[in-house]
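Engineer: Below are the chains, spelled out letter by letter.
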Amino acid sequence: DAGITQSPRHKVTETGTPVTLRCHQTENHRYMYWYRQDPGHGLRLIHYSYGVKDTDKGEVSDGYSVSRSKTEDFLLTLESATSSQTSVYFCAITSEGGYTFGSGTRLTVV
Amino acid sequence: QKEVEQDPGPLSVPEGAIVSLNCTYSNSAFQYFMWYRQYSRKGPELLMYTYSSGNKEDGRFTAQVDKSSKYISLFIRDSQPSDSATYLCAMRPYGGSQGNLIFGKGTKLSVKP
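Heads up: the protein sequence lines correspond to chains E and G, in order.
So the first sequence is numbered by our numbering: it starts at 1 and just counts up by one.
So the second sequence is numbered by our numbering: it starts at 1001 and just counts up by one.
By construction, these hints were calculated from the structure, which means they are not laboratory data.
Quick caveat: nothing in here was measured; it's all calculated off a predicted structure.
Hints may contain errors.
Unchecked claim - Residues on chain E that point at chain G, a partial pick, calculated with CB under 8 Å:
# : residue
1 : 42
2 : 51
3 : 99
4 : 101
5 : 104
What the hints assert, rightly or not - Straight line, CA to CA, 20 Å or less: simulated EDC-like cross-link-like pairs of lysine to aspartate or glutamate:
# : chain 1 : residue 1 : chain 2 : residue 2
6 : G       : 1002      : E       : 38
7 : G       : 1056      : E       : 96
8 : G       : 1070      : G       : 1045
Yeah, the Cβ is synthetic: ideal placement off N, Cα and C, and Gly gets one too.
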C-alpha cells in the first residue's frame, strides 16, 4: 500500500493487557485515521488526527486512545484489551478524492 | 434509518455479466461519493470518486450519483473473476470535519468463470 504501513500485521493478546498498534506514513499527510472493521458493522471510525498532537474521537472511541507525536506515526492503544475489541484495524490517510488504507492489523483478544 | 444503506449480498454472477451495486443514503448534505474495492484480507482501495451528481466512467467501471433520489450506483461491465471482492460505498458532506466519511457495510461480489 503506497506510503502507509501498519504493524504488527497479526497479534493475539490476553484480556486486560494494553496493546499498541502502529501506523506509519511516508507522504507527509496531515490527516490520519484509525478504523475497525467487523462483520455486520462495516468500517467504523475510532479516532483521527489532523496534525501532530491534534486528535479527535470517532464513532467508537471508548476503550481506545491515540497519539501522534510525529507527522509520520499515528499510534492506537487499547488501554485494557477486551474480547469485543477483537477486530481488523485499518489505518488510513487522506489522498486525492478519498482515503488510502493500510493493509490492516488482525487483532485477537483471548 | 442508517445514514448509508448497502445490500450485503452476496451477489454471484457469471463472467461477462454487467454488475450493478447500489447504496442509498439519508443525509442530503452528502456531496462526495466514493466506491472502494476490498479483496479478502486486504485494505480497501479507492476505485471511483465523484463529486455531486452525475456519471463518471473509468474503463469497465461507471459510477452514478442521483442526489434527488439519494441513490448511488457502481456498474461493472464485462465482469471478470478478478472483480470478485467486497465493494464499499462511502460518502461525506462538502467541507466540515475530515472525520465524517461514512461507509456502507459492503456488498460481496463473486464472479464465476
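Engineer: Does each hint hold? Answer for all of them.
Structural biologist: Hints versus structure:
Using the Cβ-Cβ criterion of 8 Å, the hint placing residue 42 of chain E at the interface with chain G is satisfied: the shortest such distance is roughly 4 Å. Nearest Cβ of chain G to the Cβ of residue 51 of chain E: about 11 Å, over the 8 Å cut. The hint is violated. Here the hint on residue 99 of chain E is kept, as its CB sits about 7 Å from the closest CB of chain G, short of 8 Å. Taken as an interface hint, residue 101 of chain E checks out: its beta carbon lies about 4 Å from the nearest beta carbon of chain G, inside 8 Å.
Taking 8 Å as the C-beta contact cut-off toward chain G, the hint placing residue 104 of chain E at the interface holds, the least distance being around 5 Å. Restraint check for residue 1002 of chain G and residue 38 of chain E: satisfied, since their Cα atoms lie roughly 17 Å apart, inside the 20 Å limit. At most 20 Å may separate the alpha-carbon atoms for a hinted pair to count; residue 1056 of chain G and residue 96 of chain E meet this at roughly 16 Å. Under the criterion of a C-alpha separation no larger than 20 Å, the hint pairing residue 1070 of chain G with residue 1045 of chain G is inconsistent with the structure, at around 23 Å.
Of the numbered hints given earlier, the model fails hints 2 and 8; all others are met.
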